[in-house]
Amino acid sequence: MLWIAIHLPLLSLESFAATLGAGQQAWPLALLDGARISAVNRAAAALGIKPGLKRATALALAPGLLFGQADAARDAQAQVAVAHAALAFTPSVCLQGERTVLLEVNTTLRAFGGLPKLVDRLQNATQPLGLTQHLATAPTALGATLLAQWRERIETIGPHTTDIVALRRLLGAAPVWLLGPGREHWEALQGMGLRTLADLRALPRAGLARRFGEALLTDLDRARGDAPDPREWLVLAETFESRLELFARADSTEQVLHGAATLLQRLVAWARAQQARVARFTLAMHHEPRHRADGTTPERTTLDIALAEASNDSVHLQTLLRERLGRLPLPAPTLELRLHCNDLVRRAPPNVELFPTRASEREGLVRLVERLQARLGRAQVLRVQRVADHRPECATRLQPLDPGAPPPREAPLPPAEPAGQPAAHLTRPVWLLREPQPLVEQRLLPLLDGRPLQMLAGPERIEAGWWDGAPTARDYFVAQTHDGSLVWVYRARLPTAEGGWFLQGRFA
Amino acid sequence: MDLMPLVAPRVPRLSVPVPGHAEGRAGLPTPEQIHPALWRAHQIGCLRQATLATGFDALDAELPGAGWPKRVLTELLLPHPGVGEMRLLAPALAAVAQGRAGIARSVMLFDPPAVLCGWALAQLGVDGQQLIVVHGREGSRGAALRNLLSNADLFWALEQALKSGHVGAVLAWLPDRLRADALRRLQLAAQSHDGPVFLLRGIEARLKPSAAPLRLALHGAGPDELSVHLLKRRGPALAEPLRLALPPVLPPVLRARAESARMPARSGA
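Chains as they are written, first to last, in the numbering used here: chain A, 14 to 521; chain B, 264 to 532.
In case anyone wonders, no lab produced these hints; they're calculated from the structure.
Mixed in with the good hints, there may be bad ones.
Said to hold, decoys possible - Calculated Cβ distances over 12 Å to all of chain B for the following chain A residues:
| hint | residue |
| --- | --- |
| 1 | Ser51 |
| 2 | Glu111 |
| 3 | Leu142 |
| 4 | Asp212 |
| 5 | Arg262 |
| 6 | Arg290 |
| 7 | Thr315 |
| 8 | Leu348 |
| 9 | Gln393 |
| 10 | His438 |
| 11 | Pro442 |
| 12 | Trp444 |
Unchecked claim - Among the chain A residues that face chain B by a calculated CB cut under 10 Å, a handful are:
| hint | residue |
| --- | --- |
| 13 | Pro194 |
| 14 | His198 |
| 15 | Ala201 |
| 16 | Leu395 |
| 17 | Gln493 |
| 18 | Arg519 |
What the hints assert, rightly or not - The calculated label-pair distances, taken between Cβ atoms and stated as ranges, are:
| hint | chain 1 | residue 1 | chain 2 | residue 2 | range |
| --- | --- | --- | --- | --- | --- |
| 19 | A | Gly126 | B | Gly465 | 37 to 43 Å |
| 20 | B | Ser455 | A | Ala319 | 27 to 33 Å |
| 21 | A | Asp488 | B | Ala519 | 19 to 25 Å |
| 22 | A | Ala73 | B | Ser455 | 50 to 56 Å |
| 23 | B | Ala474 | A | Asp326 | 54 to 60 Å |
| 24 | A | Asp481 | B | Ser455 | 44 to 50 Å |
| 25 | B | His298 | A | Arg464 | 30 to 36 Å |
| 26 | B | His298 | A | Leu128 | 35 to 41 Å |
| 27 | A | Ala361 | B | Arg440 | 48 to 54 Å |
| 28 | A | Ala483 | B | Ser523 | 48 to 54 Å |
| 29 | B | Ala519 | A | Cys407 | 32 to 38 Å |
| 30 | A | Asp488 | B | Ala313 | 43 to 49 Å |
| 31 | B | Glu295 | A | Asp326 | 51 to 57 Å |
Just so it is clear, CB atoms sit at the ideal spot from N, CA and C, and this is done for glycine as well.
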């Protein structure tokens, strides 16, 4: 058995910092426990503030200090997020205490190419969650936990021991307060001169158990590998629910996005733990209750984002969320964010290859169209579809592009014109005006920009549409303007208010 | 007292390679042999990156690299939309839409000035299924509805399409008034786009400087002919405009009739 322990020493402080805005995270922060400070961040430590100081003393040292309270539920969510990120590497993950995540990696070492590479990848995977972590490796679970907690003051990466003898030697020098029961009885143990675990082992076991309880001996045995330590593995939740209460109310999109970024990282970690990709998710923004006379302010706003191509790329999800949020007006400032997801796709991901293949090109194009539609609106990204109708304005339809769906069948080309080869001569102009422009008539010829048009190609009669209420009867001519460009004009044979001649399009 | 005559200090004469010699003095290579990105003003530059054949031999002969350049901007300046620009670009767009080795790539059009006719494009050989039309500025109704930040959206969409690298060709109709650095940013974004980028603007932009390395001005010169002025290219300026024969709209009989009708009018006037 080989265990990796991930210890999160500043979990409470950092999960509190996640609720702050983007600029405030660099400020000096401190966590209050009653009237005393329990944790400080680097900026505050640089100003001389230490855990154990009183609130008033700290404020005197640093007037700009930001105080927060530790919240067990918030810390638990952050710890579970780290466990989800670790689940991508092994199915055996469990939580230890409130700040440590344990992984059993003996079975997956070979898949990841050895312990150093596994540790590297593990650190890369948990780094986006934004928590300081200390890792240690040992043959026993509690032993790894102790090593991860112990070395936090000396080096960031704990020692990696894979040998039980080396572990026992290391643990012999470890201080007693690392053990949970040892911390409770620390004063008594110190008074007796017992500082390290080796000292504890030198004493008779019966006496120790009588004085300090069985728990101390049990933990010691489990850490050294003398007693079994069965664990229950973490079970992954079926749906993803995570909430973040913001420290200050969010008035702008950027502030909401900053808070949502943390939640999206947790979502991606949960999806990756199941080797799946996110297909849709919902962000609910709970608003500050405003006591209005009409009482019409909604309690929350829900934003539902469905992806055309499921992905677990947090950057892509953030981009989509940013574009959609940018167009959504929020009725009131936001106090709390909740992310919900129960729609995953478990198919194999598309291959990432060196040279572009049809599938990778299509997937890249789908993502691009998704981004454009998220920002501009679904009706602004269109596909051109041919319709079998003789009336030119109905013969082409622009429809919103559905990126994931296959292209619909469109009217086939006439057999005289095979696709991919140009025709002998064009019969239709490339540009059609949205509304036919009426032309002034002079001496039976239409004028465009004050100059008479010269008719070049004879009348083509189109009569259609009597079946759906828009009958058209027109004679189309190809005409040349004074500067040499060709236009398509028609003479309406049904009486109209604007006269006879109209400009339909230009041969570009 | 006699004044010492002033004598100029002796400086060694630098040898300048004379143009036209294959090698300079003593076997020094000429600039264009050192690197393909170097070229002299009297030569047409040769582009190391791939180009896309235009489909018109006369134009291919005058363009550096013998085709539309990829990964850079190409500007086409028109007096008004509809002089023949789509027929000029049709062979290149058809080649892109068909693709190489079975990978068809899409053609994106940003803010076309009018509605595209799918049947006309099919007659030109462009596969309509690969076309994507993006209205960056206004809705398809033609009236500016609510998009007051219209230009910003259009340029953002253009940059996204260019940077993604999955689009085959891009055509964009730009507004008249641009920010000074807008074209510069598009040029930088175009470097990650494997294909030609065509910016179509009004003819009054010919007096404004632009970051695009190739600029053409198009004027109609007859029913199925186009006159192309090469305003800017990597090479010497072209004195006379090119006359290109576009894919015809008129059948040959009618074209001959139109020509003969025009000739006496010209000779008469």
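So, going through the hints one by one against the coordinates:
1. Under the 12 Å C-beta cut-off, the non-interface status given to serine 51 of chain A relative to chain B holds; the minimum distance is some 46 Å.
2. The Cβ of glutamate 111 of chain A lies farther than 12 Å from every Cβ of chain B, with a closest approach of about 44 Å, so its non-interface assignment holds.
3. Separation of leucine 142 of chain A from chain B is adequate, the least Cβ-Cβ distance of about 28 Å exceeding the 12 Å criterion.
4. For aspartate 212 of chain A, the condition that its CB be more than 12 Å from all CB atoms of chain B holds, with the nearest at approximately 63 Å.
5. No beta-carbon of chain B comes within 12 Å of the beta-carbon of arginine 262 of chain A; the shortest separation is about 26 Å.
6. Distance check for arginine 290 of chain A against chain B: the nearest CB is about 19 Å away, which clears 12 Å, and the non-interface claim stands.
7. The beta carbon of threonine 315 of chain A sits about 23 Å from the closest Cβ of chain B, which is more than 12 Å, so the claim that it is off the interface holds.
8. In this structure leucine 348 of chain A is separated from chain B by more than 12 Å, as the shortest Cβ-Cβ distance comes to about 29 Å.
9. A cut-off of 12 Å between C-beta atoms contradicts the statement that glutamine 393 of chain A is not in contact with chain B; the least separation is 4 Å.
10. Not every CB of chain B is more than 12 Å from the CB of histidine 438 of chain A (nearest about 5 Å), against its label as outside the interface.
11. Non-interface call for proline 442 of chain A relative to chain B: violated, since the shortest CB-CB distance, roughly 6 Å, does not exceed 12 Å.
12. In this structure tryptophan 444 of chain A is not separated from chain B by more than 12 Å, as the shortest Cβ-Cβ distance comes to only about 4 Å.
13. Interface restraint check for proline 194 of chain A: the shortest CB-CB distance to chain B comes to about 58 Å, outside 10 Å, so the restraint is violated.
14. Evaluation of the histidine 198 of chain A hint against chain B yields a violated restraint, the C-beta minimum of about 62 Å exceeding 10 Å.
15. The restraint placing alanine 201 of chain A at the interface with chain B is violated, with a minimum CB-CB distance near 66 Å, outside the 10 Å limit.
16. Hint status for leucine 395 of chain A: holds, given a least beta-carbon distance of 5 Å to chain B, under 10 Å.
17. Restraint check, glutamine 493 of chain A versus chain B: the minimum CB separation of about 6 Å is within 10 Å; hint holds.
18. Here the hint on arginine 519 of chain A is kept, as its CB sits about 3 Å from the closest CB of chain B, short of 10 Å.
19. Distance hint for glycine 126 of chain A and glycine 465 of chain B: a CB-CB separation of about 60 Å, inconsistent with the stated range 37 to 43 Å.
20. Evaluation of the 27 to 33 Å hint for serine 455 of chain B and alanine 319 of chain A yields a pass: the beta carbon distance comes to about 28 Å.
21. Separation of aspartate 488 of chain A from alanine 519 of chain B is about 23 Å and conforms to the stated range, judged on CB atoms against 19 to 25 Å.
22. A hinted range of 50 to 56 Å holds for the C-beta pair alanine 73 of chain A and serine 455 of chain B, which are about 55 Å apart.
23. Alanine 474 of chain B and aspartate 326 of chain A have their C-beta atoms about 32 Å apart, which leaves the hinted 54 to 60 Å range violated.
24. Distance hint check for aspartate 481 of chain A and serine 455 of chain B: the Cβ-Cβ separation is about 47 Å, which falls inside the suggested range of 44 to 50 Å.
25. A beta carbon spacing of about 52 Å between histidine 298 of chain B and arginine 464 of chain A contradicts the range 30 to 36 Å that was offered as a hint.
26. Taking 35 to 41 Å as the suggested C-beta distance range, the pair histidine 298 of chain B and leucine 128 of chain A does not conform, at roughly 48 Å.
27. Separated by about 49 Å at the C-beta atoms, alanine 361 of chain A and arginine 440 of chain B satisfy the suggested range of 48 to 54 Å.
28. With their beta carbons about 40 Å apart, alanine 483 of chain A and serine 523 of chain B fall outside the hinted range of 48 to 54 Å.
29. Range check, alanine 519 of chain B to cysteine 407 of chain A: about 34 Å between beta-carbon atoms, so the 32 to 38 Å window is met.
30. At about 47 Å, the CB distance of aspartate 488 of chain A to alanine 313 of chain B agrees with the hint of 43 to 49 Å.
31. At roughly 45 Å, the beta carbons of glutamate 295 of chain B and aspartate 326 of chain A sit outside the given window of 51 to 57 Å.
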